[in-house]
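Residues per chain are reported as follows:
2 protein chains.
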Amino acid sequence: MARTELKPNEWMEFPILARQMHAQMSHEGILIASLDAAGRLNPMTIGWGVFGWIWNRPIFTILVRPSRYTYDCIEATGDFTVNVQPADRRDIVDFCGTISGRDHDKMSELELTSLPSTHISSPGIAECPIIFECNVVHLTDVVPPELPESIKSEYYPQGDFHRIYFGQVLNVSVEKSFLEES
Amino acid sequence: MARTELKPNEWMEFPILARQMHAQMSHEGILIASLDAAGRLNPMTIGWGVFGWIWNRPIFTILVRPSRYTYDCIEATGDFTVNVQPADRRDIVDFCGTISGRDHDKMSELELTSLPSTHISSPGIAECPIIFECNVVHLTDVVPPELPESIKSEYYPQGDFHRIYFGQVLNVSVEKSFLEES
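Protein chains in written order, with the numbering used here: chain A, 1 to 182; chain B, 1 to 182.
No wet-lab data here; the hints were simulated from the structure.
Any given hint might turn out to be false.
[Claimed, not checked] Take a look, some chain A residues computed to stay more than 10 Å from chain B by CB distance: (1) Pro66; (2) Leu115; (3) Pro148; (4) Glu154.
[Claimed, not checked] Incomplete in silico selection of chain A near chain B, CB under 7 Å: (5) His22; (6) Trp55; (7) Glu146; (8) Phe161; (9) Leu170.
[As the list claims (entries may be wrong)] These stretches of chain A come out as covered by chain B in the derived footprint (C-beta under 8 Å, 3 or more residues): (10) 77-87; (11) 92-99.
Cβ coordinates follow ideal geometry from the N, Cα and C atoms, glycine included.
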């Protein structure tokens, strides 16, 4: 896969990137990936995330429940990659959305390849046409009393309220053909 | 201005909308607007915001300092509109970024028109080609110890840490010609 690096704020200039992120995330999910204590890359499917611009920095904000293996990983590394899988590999998000990295080496079981990052410790997934390298610059937790009952009962019946990670985008790696198509 | 309404999640399908939001916000700023206690619409310029998908809802997240007049407005109404000004009206964001609604009726001084919202109490700004109606479904505050010193010293020398509002997008009103151009 021939890749090109975009400057952190440059990706916002590519309509196709923003659209692809928003559409794919809300439709089938995308992947965040972070290193675990054993140095293994652990991908997890997310269907939620918000991105844009805060503190004059490009920011990708994700929510992770403390019960997730990914939570331990990000707490330790302080960084993560956001990976948008190829259109024909929906199996990746299906698998990574149901299996825990505590019991499985998801990268090896899916025969996926780590791609070392340029700015952070956690690698990306080489098979993914879009990879954002994100360094956590802020975190806060969902505040239960500030949620409507409808959200609380639907998404937090057992508590396990999300931690909100604000990741500063330090590099964006994109498959060249993806930009050319757009 | 001929307008059309998009379903809350439909706007993500329009690359031009996501791009326009990201680019315009980071380059010159956009406007949030909310009603004050006197029922006056108060627009404020923001250069920061993140948007996407959380709790299976389209979410627009903004940061507002407690010292701002807009803070009082949103605390009271629990809603706000996000307005993207026309390309030739940069004067609006310049004005609304420097003047406080405590001392000025910005809408009238700028000769702008309120556009009643379909789902929330705060109107939009009729002259803006893109308007998001947002209902606050969650809020939390920036946590000072969880910020790097560089951000703390640059953006919070006097404290005044932002409140983070998560607004569920309930309606998107777009100038028809804007979609056609794209």
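Results of checking the hints against the structure:
Pro66/A, annotated as away from the interface, keeps every beta carbon of chain B farther than 10 Å; the closest lies near 15 Å. Every Cβ of chain B is farther than 10 Å from the Cβ of Leu115/A; the closest lies at roughly 24 Å, confirming the non-interface assignment. Not every CB of chain B lies more than 10 Å from the CB of Pro148/A, the least distance being 6 Å, so the non-interface label is violated. Not every C-beta of chain B lies more than 10 Å from that of Glu154/A, the closest at about 8 Å, which undercuts listing it as non-interface.
Interface hint at His22/A: satisfied, since its Cβ lies 4 Å from the closest Cβ of chain B, which is below the 7 Å cut-off. Taken as an interface hint, Trp55/A checks out: its beta carbon lies about 5 Å from the nearest beta carbon of chain B, inside 7 Å. Against a cut-off of 7 Å between C-beta atoms, the interface hint on Glu146/A holds, since the closest Cβ of chain B lies about 5 Å away. A least Cβ separation of about 11 Å between Phe161/A and chain B goes past the 7 Å threshold, and the interface hint is therefore violated.
Restraint check, Leu170/A versus chain B: the minimum CB separation of about 13 Å is more than 7 Å; hint violated. Check on the stretch 77-87 of chain A: 0 of its residues sit with their Cβ under 8 Å from a Cβ of chain B, so the three-residue criterion for coverage is violated. With 0 residues having a Cβ less than 8 Å from any Cβ of chain B, the stretch 92-99 of chain A misses the three-residue criterion, and the hint is violated.
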